[in-house]
Every structure is written in C-alpha cells, then in structure tokens.
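A.B. asks: This is what each chain is made of:
Number of protein chains: 2
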Amino acid sequence: MSGSAPGLSSVLVVGTGLIGTSIALALREHGVTVKLADQDAGAVRLARELGAGEEWAPGGEPVDLAVVAVPPQFVAQWLLDLQKTDAARFYTDVASVKALPIAQAVQLGCDMTSYVAGHPLAGRERSGPAAARADVFLGRPWAYCPGAETSAQAVQAVLSLIELCGGNAVEVDPVAHDEAVALVSHAPHVAASAVAARLAEASDTALGLAGPGVRDVTRVAGGDPGLWAVILSGNARPVAEVLEAVATDLAVAAAALRAVSVDDTMAIDRVTELLKRGNAGQSRIPGKHGGPPRAYAVVQALVGDRPGELARLFQVARDAGVNIEDVRLEHAPGLPLGAAELSVQPEAAEVLAEALRAHGWHVP
Amino acid sequence: MSGSAPGLSSVLVVGTGLIGTSIALALREHGVTVKLADQDAGAVRLARELGAGEEWAPGGEPVDLAVVAVPPQFVAQWLLDLQKTDAARFYTDVASVKALPIAQAVQLGCDMTSYVAGHPLAGRERSGPAAARADVFLGRPWAYCPGAETSAQAVQAVLSLIELCGGNAVEVDPVAHDEAVALVSHAPHVAASAVAARLAEASDTALGLAGPGVRDVTRVAGGDPGLWAVILSGNARPVAEVLEAVATDLAVAAAALRAVSVDDTMAIDRVTELLKRGNAGQSRIPGKHGGPPRAYAVVQALVGDRPGELARLFQVARDAGVNIEDVRLEHAPGLPLGAAELSVQPEAAEVLAEALRAHGWHVP
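Residue numbers (UniProt numbering), protein chains in the order written: chain A, 1 to 364; chain B, 1 to 364.
Just so you know, the hints here were simulated from the structure itself, not pulled from any lab data.
Treat the hints loosely; a few may be bogus.
[What the hints assert, rightly or not] Beta-carbon label-pair distances, calculated as ranges:
hint	chain 1	residue 1	chain 2	residue 2	range
1	A	P58	B	E201	45 to 51 Å
2	B	E149	A	E347	54 to 60 Å
3	B	G60	A	P346	40 to 46 Å
4	B	A280	A	D263	18 to 24 Å
5	B	S203	A	A200	33 to 39 Å
6	A	E149	B	R237	55 to 61 Å
Heads up, the beta-carbon is just placed ideally off N, CA and C, and yes, glycines get one too.
One chain only, chain A, in its complex shape (with noise of 0.2 Å):
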C-alpha cells in the first residue's frame, strides 16, 4: 500500500459489479479509503471480502470522488440522488455509452459543474464482482467527457483516479464516444453474433470443417445476452447505423455472387471493392502499445503436448537475448502436437530460429 493520490483518499463507488469492485480494488492497493454501495447486499459483502473497501453508511462526511458503476439507464437518477445528499465533492461514472447519461442527468437537473461521464475500455466475458481485477485498467483506453460547465477540481479528480487504476485518459465528446464503441465494439458484436447464429443449426460436418478463422470471427459472440441487450439498448442509434451499413455492404455482396453464379463473372469486382475496403480498415487497428501496428516477425516451431516443453523453448529464447513480444499456440486438432507462433522485432528473428534450431525443435 503505497500514500494516496493528491487530490483523491477517498471514493465511494455505488454499483459492486465488475467494473465497480475492479476499480475498488485498483484504489485500495494505492491505499485510498473507499466506500460500497449497492442495491444488493450479497455483492456489496463480496466486494467487501475480496478486499475492495468497506460498506457505504450514506450521511457522512463527502467523499473526494463517488464512482457511479451502475448500468447507462440508472446513472442519472443515482448521480441525483448522491448529489442531493452531498456524498461526494466530485461524481463519474462508468457506463459504456456517454450521451444518454449526461441527457438525463442534464433534464433531472443535475449539477454539472462536478460531474465529468467516464468510461473505461475494460470488458471482460465474464460478469459479477468475483471476476474483478486490480489490473483490468491497466494501459486500457479510458474515456471522459467534460462538458462546458464542468469545473477544473472536477477534471483533475477523474483523472487522478484513471491513473490510479493506471487506464490511458482519453478526453473525447460524448456523442463521438458513442458513434466510436458502436464502430469498434457495439457493431462487430452483433455482426459476430449474425455469423455464429449461422451455425445454430448446421450440420456436423460443417462445424467438423471450422477452423481457427471462424474461431476468431465468432469468438466475442459467446459474450452474455442480457448484459449485451442492455448495452446496446443504450447505444441503439449510432450501432443501428454501422448496422445498416454492414448489412447493405453484405447484402450488395451477396447480390453479386449471385450474379457470379449465373455467370456475370465481372460481377465479382463489387466482392474485390469490398475485401479491399476490409483490408484498409483491418490495417488501422491499433497493435500492441496502442500505437499504429508493427510488423513483427513470426518464427514458428512445432512443440509437443508436454509439460515444460513451451518452458524450454523460453529460456533458448532468453539465453540467445530475444525477447518474445507475442505468443499463441495453435494446436494441431487431434494431435498431440502444435505450432507456436513467436512474434519477435524482425532483426531477432533469425537469432531466434538459429537457437531454437540448434536445441533440436523444428523451426519451418
């Protein structure tokens, strides 16, 4: 437990959830005070018994920063609520749409000078406050949106607290938040979802042919469908609008391979126009760090099913002074074998291959 941050001892956080108690336990691992609040008692003591602060007793002595973690439609009235007791001298929140909160929280009346939305890019599969880490924030985007009203103290608490949970603060207006998470996250989950409904009802010898394309196409659209409901609902025009833009460019796609199959073959280049687009906006991805992607070189060796085997082939890396950037490994379907795919900084590569090489893996 480290001092805590200038400006920031206290916090109350109203919403035990995974985003709440996450952010709870980043705070108190930096020693700040921190306070539970939630409309279910049972979330509030796990929270408590996992470490992340103690139960709210409303009626106190303001807090520095109260942290709304409850879902977009219910921030506003909270944020009322807290702000009519004087719980806090500073208010966020943390859902993950901005405009409807600050709406309403405009139309309810709400002090704006002392409330800046917030919403850090941190989901997980899972759900609930036993899934809830320290580390989730760490070097993830987090968004605020200060308005024309908020006041300066206000700014430097949001601040303070997205550096404490060690998040990168991205100052963006609420309304292009909203159109962004609906293009890079909103949208593709649905679309994936579209993609993985084909499957509901195929035969087995179709999923006997899947392979890991598909795997990664799909792999978000095992996320929870109430929780996802709720998400979107908050979000629903600007991801109606990539929607309709994603089905228009599929169904134009579609209507041309229908055309290919009745022999227009020229019909193909409307599919070409599109698979092109799709490489240009696939290479704007930010890559690791967060800055624009690298090329890095992949060297791949075969490794057996054994434990120790990846272990070895680490500290070849380690003792030749490469440093491995990334790792996955893709497992040879019923095989007791795989492929490992190192991603090293191209001057390494060969180092690396040479090594492994010489220690006796299979390096193609």
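Given chain A, work out where chain B should sit, using these hints.
C.D. replies: Okay, now just chain B, sitting in the frame of chain A:
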C-alpha cells in the same frame, strides 16, 4: 526419410503454390518421389530449391497419383489433359470448392473412376511456395468426395496422400462440402471484411478505443482480396445464401435498435434473440484437438516485457508438473507489461496459481 507408403511411391504435383508445395514437402519427408509442374517456371524452381521434388518431364512412366493444385476453375481442364497423356494412375485436386470442378470434369468427359476431388482445410494468410510448410496439414480436416463411379483404388490413393500429409480424412458430398465451407469460412470472411470496412473511414479517436474484440472479429479481413475473390467466385451461390441470411439478421437487429431509440424498449427482445442464437452457434465450434469445446481453466499472470520472463513462468509450470494447454499474451497498450492467459486442465489451475505466486508473480 522413412520408406514410401504402400501404393504411393511417386506423385505429380501440378501447381507449386502454397498448398501444392506444402504437399510436396510432406511427401518428400516420407521418401515419396515427387514431380513438380507449374505454368510459372520460377515457382517450380523455387519449390525445387525448397526440396519439394524435381521438375516434371511429361511423357514418362505414369506416377501413382497426380495432385492438381490449381485454382478451382482450372482443375477440370488440367485433369482432362493429364488423363489424355496417362500422366498418373489416379488423380485428385485441392481446390477450396468441390461441386464446380466435379461438374466441369463430367462435362469435359474426364474419366471419373480415377479421380477423387479433395480439399485440405489448411489456409494460411500468406501464399506462394515460399510460405509452404510440410506440417501445414497436421491434424487438420481434409475433405474428399468420392462419386458413384470412383474406383476403390483411387479412394485408397487419396487416403494414402492424406495420411502421409498428417491430415484428418473427412468424406463428404461435394454439395454439402461447398455449403459447409460457405458457412465456416467463406461467408465469415466476407462478414469480417464488412465490419473492418467500417473502420477504413473512421476517426483516429474511434480506432483509439479499439480492443481485442474487434481485432478478433476482423483478423481474417487482412487476407489477400484477389485470392479471396477467386475462392468466393467458385462458391458463389452457397456463400450468397449465407450472406443474405446474415444481412437479414443484421437489418432486423438494426430496425429493432431504431425502434428502441424512439422509446419502443420492447424491440430489444429481437436483438436479444439474435445474441442468443449467436451463443448457441459459437458454442458448437470445435476447440483444441478437434473434439467438442472443452472448458480449460484460465490462470492469469502479469508478465513484464523483458526477455526471459515467460521462460521463467513456463519453467515454474514445468517444475510444478502442470501442462499449459494454450497461452495467450494480452499486452497492455502503452505499458511494458501484459497479462498472460494460461489455459490448463481445471484440476491443475490452483497448483499453477500457487506455484506462480510462490515465485513472485502477481496472479489475480
């Protein structure tokens, strides 16, 4: 080099691209005599230099099996030409669609007793002979489509080929094959491209909020548009059918979200229904070792971005007798550390977590 397999001592590979050259390399490892042909003399030379075999001289003794590894629309003509000169006793191909080349072969009057259409499911994001690897088929499905006229010896020759390459033979009707790959490969590729295409014109702010979810959904969209246009052209109708269904689901979801945005809150049920079907489909995709998806326990540990950190971690796992089934490094953008997600048998999770903690790792 071990001895040749029963009944397969010489093979002709026509088309020394990625798949053809990989097959040749796999056969060479078993001592099979391999002849190479390609309309591009440079590709044959490169394959030869990689140790894939010797250049084919037409007019010699028939080989046991000819593997036609050319794009789908050229398979039947090559088959006819090879059969006219008695180049081989049996014939197969490796094209990613099966109904088209079979129909064209019948139409051209090819001998259908000696030909078995085939398709190894071993795509890679790269192409050309330089990317070839003998191990690319290990444990992967390899579809083959015997017809009513196919001789038992022709089937045996293709099964020997699949065995020598380490593939997992899957007998399938050609039309069912094409519908299957439309579902599990071709349509997901186009859908991923359509999602990625939305990012081509997106703001830098939006891209800055991108996380691992959209990276997974769009990864395959980085594939070569020209190559994929050929693949999609050859399977146009089945892919169009899947894309039409996906586009309809997305249009329905978009319309439901539009209704939600004007306060028809019940409309979200139509989105939830799609998300649930997505859950059901996603859960059917086979995991590691080709079996039904098995739940591994995931142990997470924070690792520094330094040479040897993962080596030490795997060493600890080995010393604890724990086999790491899969590993995924999630690097924290902007920070020199990341979270390693280690998949292990559920009963080994606590053993590994304890061992890592005892050696100073932060295991949440």
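A.B. asks: If a hint holds in the structure, say so; if it doesn't, say that too.
C.D. replies: Structure-based check of all given hints:
A beta carbon spacing of about 49 Å between P58 of chain A and E201 of chain B agrees with the range 45 to 51 Å that was offered as a hint. A beta carbon spacing of about 56 Å between E149 of chain B and E347 of chain A agrees with the range 54 to 60 Å that was offered as a hint. In this structure, G60 of chain B and P346 of chain A meet the distance hint of 40 to 46 Å, their C-beta atoms being roughly 44 Å apart. The beta-carbon spacing between A280 of chain B and D263 of chain A, approximately 37 Å, falls outside the hinted interval of 18 to 24 Å.
Evaluation of the 33 to 39 Å hint for S203 of chain B and A200 of chain A yields a pass: the beta carbon distance comes to about 35 Å. For the pair E149 of chain A and R237 of chain B, the supplied restraint of 55 to 61 Å holds, since their beta-carbon distance comes to about 59 Å.
In summary, the structure is inconsistent with hint 4 from the numbered list given earlier, while agreeing with all the others.
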